[in-house]
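Q: Chain by chain, the residues:
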Amino acid sequence: MGLLSIIRKVKAKEKECRLLILGLDNAGKTTILKKFNGEDINTISPTLGFNIKTLSHRGYLLNCWDVGGQQTIRSYWRNYFEATDGLIWVVDSADRVRIEDCKRELDNLMSQEKLAGASLMIFANKQDLAGAMSTDEIGEALGLNGEKFKTRHWSIVACSAVEGGGLLEGMDWMTDDISSRIFMLS
Amino acid sequence: MDKVDFGCLEDSGEEILIDGGDSNVSEEDQYFDEIVGALENILMLEEFNDLQNDFCEQHCEVFEDTEESKLVYTDLFSQYTELIEGYIIGRLTLEIDDFSMDKFGALLADRQDEITGDVFDMLMSFTDFEEFKSLMLSHKNQGEGFSGGIDGCLGIVSKENFAVGGTGAGIEASPMKMAAAGRKDVLSPASREAKDAGLSP
Chain A
1 MGLLSIIRKV
11 KAKEKECRLL
21 ILGLDNAGKT
31 TILKKFNGED
41 INTISPTLGF
51 NIKTLSHRGY
61 LLNCWDVGGQ
71 QTIRSYWRNY
81 FEATDGLIWV
91 VDSADRVRIE
101 DCKRELDNLM
111 SQEKLAGASL
121 MIFANKQDLA
131 GAMSTDEIGE
141 ALGLNGEKFK
151 TRHWSIVACS
161 AVEGGGLLEG
171 MDWMTDDISS
181 RIFMLS
Chain B
1 MDKVDFGCLE
11 DSGEEILIDG
21 GDSNVSEEDQ
31 YFDEIVGALE
41 NILMLEEFND
51 LQNDFCEQHC
61 EVFEDTEESK
71 LVYTDLFSQY
81 TELIEGYIIG
91 RLTLEIDDFS
101 MDKFGALLAD
111 RQDEITGDVF
121 DMLMSFTDFE
131 EFKSLMLSHK
141 NQGEGFSGGI
151 DGCLGIVSKE
161 NFAVGGTGAG
171 IEASPMKMAA
181 AGRKDVLSPA
191 SREAKDAGLS
201 P
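Protein sequence lines, in the order shown, are assigned to chains A and B.
In this text, residue positions in the first sequence follow UniProt numbering: the first is 1, and each later residue adds one.
In this text, residue positions in the second sequence follow UniProt numbering: the first is 1, and each later residue adds one.
One should not assume that every hint holds.
[To be verified] Straight-line Cα separation of at most 25 Å, DSS-like style, residue types lysine-lysine; simulated pairs: (1) K15/A with K53/A; (2) K114/A with K15/A; (3) K103/B with K11/A; (4) K114/A with K70/B; (5) K140/B with K9/A; (6) K148/A with K114/A; (7) K140/B with K70/B; (8) K34/A with K133/B; (9) K103/A with K148/A; (10) K53/A with K11/A; (11) K133/B with K53/A; (12) K9/A with K35/A; (13) K9/A with K53/A; (14) K53/A with K140/B; (15) K103/B with K9/A; (16) K35/A with K15/A; (17) K114/A with K53/A; (18) K70/B with K35/A; (19) K53/A with K103/B; (20) K53/A with K34/A; (21) K114/A with K9/A; (22) K11/A with K140/B; (23) K35/A with K53/A; (24) K70/B with K34/A.
Derived from the structure by calculation, the hints contain no laboratory data.
In this text, all values refer to a predicted model and were calculated from it rather than measured experimentally.
Based on the provided sequences and hints, a complete structural model is requested.
A: This is the structure we're talking about:
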């Protein structure tokens, strides 16, 4: 580890963690982040780059990195893996057509060494839309009960970024899980 | 032992009280303080400031003052931290006979409560993406302010900002005053103070 990363690590404020928010384009990553942060969600356009927000939640500082999900820029996701404590994977529950793409991209992330220790929170978003898949259906489609997820701390929560339901539950799980892994060890 | 003493002064009074019981300065402490002293000097070097400024001027054009960041910023940020880290480690290796990053890293990890003060705040600021973004934006804005291009001014302005604490303090100072403060020779400590005085609102 280099000088700067050591200093950052040693000096990092207590109870600070880094969350990476990924998912296919149009899944609602930015909307989730903004809604959770109490911001206006009416003028959100597709993210071509990334957004950063530091949220304070239940005594923790969450550094959230929301990176655009369009196919052409997914190869850049890897530049954001470093030091990630938790991965938030956002699924458009109404997008049955692309659920296979969704599984493939998630599988790919799960095999990344730099994300090996990260807790995984899956938001089954857009539950307000008619025809939205349930968490069971999505869990099945993503193969969450398979080998790949055996050693992973993961959870799936139904939510609606537009209405706000489920977001708190998901973020609570994430902070609890990370804190039980990281902060209780010391 | 100037450097050692200086290191202690940087810490708060309570630190000294806590350590009062075993007052022997260990070899490790000396080694640590020597490196921190060297770091202090390195961060003030004109060469180091030039390095940062050159990088900022070279790349600031691509930055825009929008909430969303472009993917390329991340690349530039890694290049920036690598450049800075490379330079600092290079200087430390030159200035400290038996410098070892592993050893220093272990000492840092043991001194969680001691690594306070300007040096560490500044090093910490180099690892913060959002500070990097605002630094680049302020460079860009200054650049636009000087669209006529008065040689040498831009660099000096930003050097001051870094020297003051690396958080961009004073960035809003008016371009006209900076232009008046102008040339390279302004960088001597005495005239730097004079310039600061002139710049304060």
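Q: Checking one constraint from the list: CA of K35/A to CA of K15/A, max 25 Å. Satisfied?
A: Holds: K35/A and K15/A sit about 23 Å apart, inside 25 Å.
Q: Are the Cα atoms of K114/A and K15/A separated by 25 Å or less?
A: holds (21 Å)
Q: Can you confirm whether the C-alpha distance between K148/A and K114/A stays at or below 25 Å?
A: With Cα atoms ~15 Å apart, K148/A and K114/A stay inside 25 Å; holds.
Q: Does K103/B pair with K11/A here, judged by a C-alpha cut-off of 25 Å?
A: Given that 25 Å is the threshold and the Cα spacing comes to 17 Å, the pair holds.
Q: Hey, K133/B versus K53/A, does the alpha-carbon distance stay inside 25 Å?
A: Status holds; Cα separation ~14 Å.
Q: Between K34/A and K133/B, is the straight-line Cα distance small enough, at 25 Å or below?
A: holds (20 Å)
Q: Could you grab the alpha-carbon distance between K11/A and K140/B and see if it respects the 25 Å cut-off?
A: Violated, at roughly 30 Å.
Q: Decide if the proposed pair is consistent with the structure: K53/A and K140/B, CA atoms, cutoff 25 Å inclusive.
A: holds (23 Å)
Q: Hey, K53/A versus K103/B, does the alpha-carbon distance stay inside 25 Å?
A: Between K53/A and K103/B the Cα gap is close to 35 Å, so the pair fails against 25 Å, i.e. violated.
Q: Are the Cα atoms of K103/A and K148/A separated by 25 Å or less?
A: Judged against 25 Å, a Cα distance of about 12 Å means the pair holds.
Q: Please verify whether K9/A and K35/A have alpha carbons no more than 25 Å apart.
A: Violated, at about 30 Å.
Q: Measure nothing beyond the straight line between the CA atoms of K103/B and K9/A; if it is 25 Å or shorter, mark the hint as holding.
A: holds (16 Å)
In the structure shown, a violation is registered for the earlier hints numbered 5, 12, 19 and 22, in ascending order.
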